[in-house]
Amino acid sequence: MPLLKLENVKKTYHQGKIDVPAIRGISIEIEKGEFTTIFGPSGSGKTTLLNIIGCLDKPSAGEIHYNNTKKLSELSKNELSDFRRYNLGFIFQGHNLIPVLTAFENVEFAIRIIDEMTKKERREKVLDILDSVGLEGLEDRRPNELSGGQKQRVAIARALVKNPKLVLADEPTANLDSETSEEVLDIMLKMNQKLGTTFIFSTHDPQVMKYARRLIEIRDGKVTTDKKGEDLDVPH
Amino acid sequence: MFLTKLAIKNLARHKKRTAITALVISFGIFIFLLSDSLMIGLRDISLDNNIELETAHLQIMEEDYWDEKEEAPLDYLLNENNEVINQIDNKYSNIAQHTARLNFSATINNGQEEYPIQVIGIQPKKEIDIFELEEYILKGEMLSSGQKAMIGKSLANMMGFEVGDYVTLLFKTEEGTFNTIDAELQGVLDTPNPMINEMYVYIPLPLAQDSLNLENKVSKYLFRLKNRDQSVEMAANLNEDFRQAGLSIKAYNWEQLSKEVLAMVRQGNIENLVMLAIIILLATVGVINTVILAALERLEEIGMMKALGLKAREIIYIFVIESAGIGVIGSTIGIIFGAIGVYLLKNIGISISAMTGGTTSFGMPIAGKIYGGWHPEAFLFIFIFGIIISTLASILPARWGAKKDPVKAIYHR
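So the protein lines, in turn, are chains A and B. For the first sequence, this note's numbering assigns the number 1 to the initial residue and increments by one for each residue that follows. For the second sequence, this note's numbering assigns the number 237 to the initial residue and increments by one for each residue that follows.
So here's chain B without its partners, still in its complex pose (with noise of 0.2 Å):
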């Protein structure tokens, strides 16, 4: 208990160099907190995004046709009016809305240049009981039926259409004959989601099977369900009496749906790891600094401490603590900043153009502000670890001044 004291007290000896140490431990610890929170942001904000715009709570499609979906393809097709659709209507209480889509590929073309993008037909009363895509028109109005379509706002931007023009969409049917549509444009979106502003035509699904010649043929149905929590243990239901029924469709929940944002959001908690390790570098480098400092500038001290009759490991034992009471202090700073940041995220937000110069959000379905998100493990975690490596990274240092010849440690020698 003495030495704990005389360790403790030693912190103060040199208040400027202790403050120096923690404010660096403290630094890293605000940075880690900091990214932390932006990646529980990010991560909430872009799922949210994802299945409040795209995917729904659940999707069920033929097998083969999840295989190959980043292509659109019109092979492996559900028929619509689906009889077993509406035996899942009935049996499960959980579904508040369905809808079908057909997706194909197309190229959209305003006269003088075209561009590929994907098109998808849709139901559009059904789909603003599953979608917010009509909160964010930014001209226009929702589609509705007929010879329409809507498209994002950078892809107006690019083609140079205004609502009421006409668009042109260029595709193969699946027989490999190439049909056009030409469809007034009665509405421009402007999402979170930049593919979306980017690539996606919608027009009413009637249009898209008829031009693709796929009467009553969708590529999927899409599920919001009561609560989306539901979703994995629904999908594993459904999958059972798919199996059981001997059907080659599948259904998926929102988590294997989001898949590519769950990728781009564990590429994120790499960035993390990263953080990790230049806390642990910044706090070992500082740490061993100032007890190598503090060992020679208390040489004599130790050399009398060693003929009072103490033992190199209570000297070390005095360094350690003496080292794991920086990282409290370092690792308290870097907390109680670290919550103050992550509260300014979570409230104030941060818009991407700030963090990354521009208007990319690197494949992620988010635009304008990401806000931050409270992780209380990570403080917990952080805590701990910069004191355990402050701790852990006076060891040696602390082991070179312990065993010091006593002799000339007290002479100086």
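The following block holds chain A by itself, in its conformation from the complex (with noise of 0.2 Å):
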């Protein structure tokens, strides 16, 4: 039974009179526990169809299916969000930590708004993944006093900290360096191979797709590629 299934999604925006369509009817399905890489170019689609995916954009036409079940066009804006508040990790290329808050209190965020586990829980959930990520020690410094990798981490340890089913992560590496970018793909992973969670993140760099447990090439809003296990091409 997939995670999540894609029947036909098409999304086409509107500049002025002119129609834009960024995806052409994609039909996938995410089997859980996957680490599921979308390959493509710059104005590809891959943003477009990851914001679609993580509920943060309506698609112009096709269904969404979570769990074989929950219709995710149905919802309304106050479900999606309470879907994505439990359900969703997201991990943003500029990573999006709040500056006022420490990396724990970054990380705590995803789960205080959740306000299922005590105090004592929590911390020692929100230690235990920043370990994880490597940041044992750095929980009480502030974004500003962290590395670009370091951030990345953080990011990742807020994505994870709530045992998501789903975390959705646009051009991690983006705005690290490759060694940067190798180290935080390395705890994405191993995260997954650790938690099960299942991960669906974009990129365009060729460097990162050795990474790649099923690939899904993208071009012009439609899958060209789609591949996984034995049949990819890339070392790992």
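These are calculated hints, taken from the structure and not from any lab test. Take the hints with a grain of salt, since some may be wrong.
When the alpha-carbon atoms are kept at most 20 Å apart in a straight line, the in silico SDA-like pairs for lysine to any residue are as follows [as the list claims (entries may be wrong)]:
#, chain 1, residue 1, chain 2, residue 2
1, B, K241, A, E139
2, A, K77, B, A548
3, B, K241, A, R141
4, A, K58, A, I18
5, B, K241, A, F104
6, B, K251, A, T102
7, B, K547, A, L72
8, B, K245, A, L101
9, B, K644, A, L50
10, A, K210, A, N192
11, A, K227, A, E29
12, B, K639, A, D82
13, B, K305, B, E411
14, A, K228, A, G196
Combine the two chains into a complex, taking the hints into account.
Next up, the structure:
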């Protein structure tokens, strides 16, 4: 049973009187625990697709099924907020941390708004996830006291701390040097294997493709390649 | 709680901007408190001066005289040594002293020019038990008896009179014939009441009665009570006595007698409302500007929060609490500076000429310095008001920020 099923999803933007199709009918299924890379050049529709999967944007046509039951198009704005709050984790290329909060508080933010844990449980959970992404001892630092790679690790920890079913990462290495990019992807892959969390991340960097366990290539809003396992010809 | 904590932390993001917005609010609050304190001081001083120099605590006169008292008519007069007054004196133990006055309109003449004034025939020995006129003698001495007069400093200066000079008063008697009084100027007054300084000429009551052919007639009786707070109740009791006795005279308490002063105080209170409107405007503009700037700067953050599952109302809550925090800071600073300002106003005062650039007191019975008054309720009111206005002003711009499309917010489109 797929975690996520997209049926002929389309997205068209309207710029004045001109219609600009960004996604031209994509149908894919994502299984639980998959580590999926969406690859494609700039403007191919990767970010739009991730935004639609992440319920930040609505498709112009088509349907998205979550866990084979929930039709996301039928949810109201508030229900979509709740859906994101409890089920999804996001990692952005700009990490989008809150500058007045420490690394600990930025990660804690994601579970504070769920409010299902005691203070002690929350603290243990946050420290544990920060430790997992290699930020032990840096929990009291504010974003301006962290390097780019460390900030992105905080963003990863924030996305994972609530044990979401699905983590969406839009070009998570775009602003990082190659060494730091590899560190970040190593952490994402490790967390995928350790926690079984489903990851979908986009990239246009061919260097990053070696981390792909499933590779979906998009061009002009359409899936041109969808390979996984042995079909992938990238070195692991 | 976490969102509240975040909102409070956000106050420190742009310390200068937070400080400027808070200072704008505090400035409005400071000005309001000073204005309110001055109005309280103005009211208290005006009423005190009015009571101590002009109205006393209670007056009794014919009801028809009350209606025309500004013209000081020679109709509707009372008999001196009135039996009713003697009965009142015996019945009510809270009367400290009473006196009679006979007021009439005249012109004062120095041989070259004349000026319209109001003459007040008084019983000097009783007057000093009721009023503080004697304390304000600038030159000469308090009026005694005989062919004497006492006038205010402004009138003396304008007409060029010195103590010992003879002043000529020209007036019409009740029968409509002209008469004059030539009286030696015995004293010159310098009181805080501009009306007394400019408009009144005091002469002994018998001289007034003789000159007007109104033997044993007076315009009104004035009472000083042992406690001024009893004035309202006493007037009510007296009026009930008069009604039962079928008399057309009436008692008026000091509030009724000071209604012109109280009207001016009410006018001053309107100025306070204008101050409130200015505070609303300052706080609203400041807070809206701050929240819009904050929302624009934090668009990516707003987008991230929405992606994490925060609802629009929760994002609005963060901005609103942040603005309430600015309101608390601004109101607190305003209250502190306001308290210092009011303390200085109360203890050092401010001269009327410094306030108005001249000698006018806008008709209020005050002169020299005005002192502020404490009004704790105003402090409490304006503190809460500052916070409420700051909070309310943030709602619309916060909604604008929170309703942003998350994709556009994240990618700053």
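*Could you tell me which of the numbered hints above are not met by this structure, giving the numbers in increasing order?*
Result: no hint breaks.
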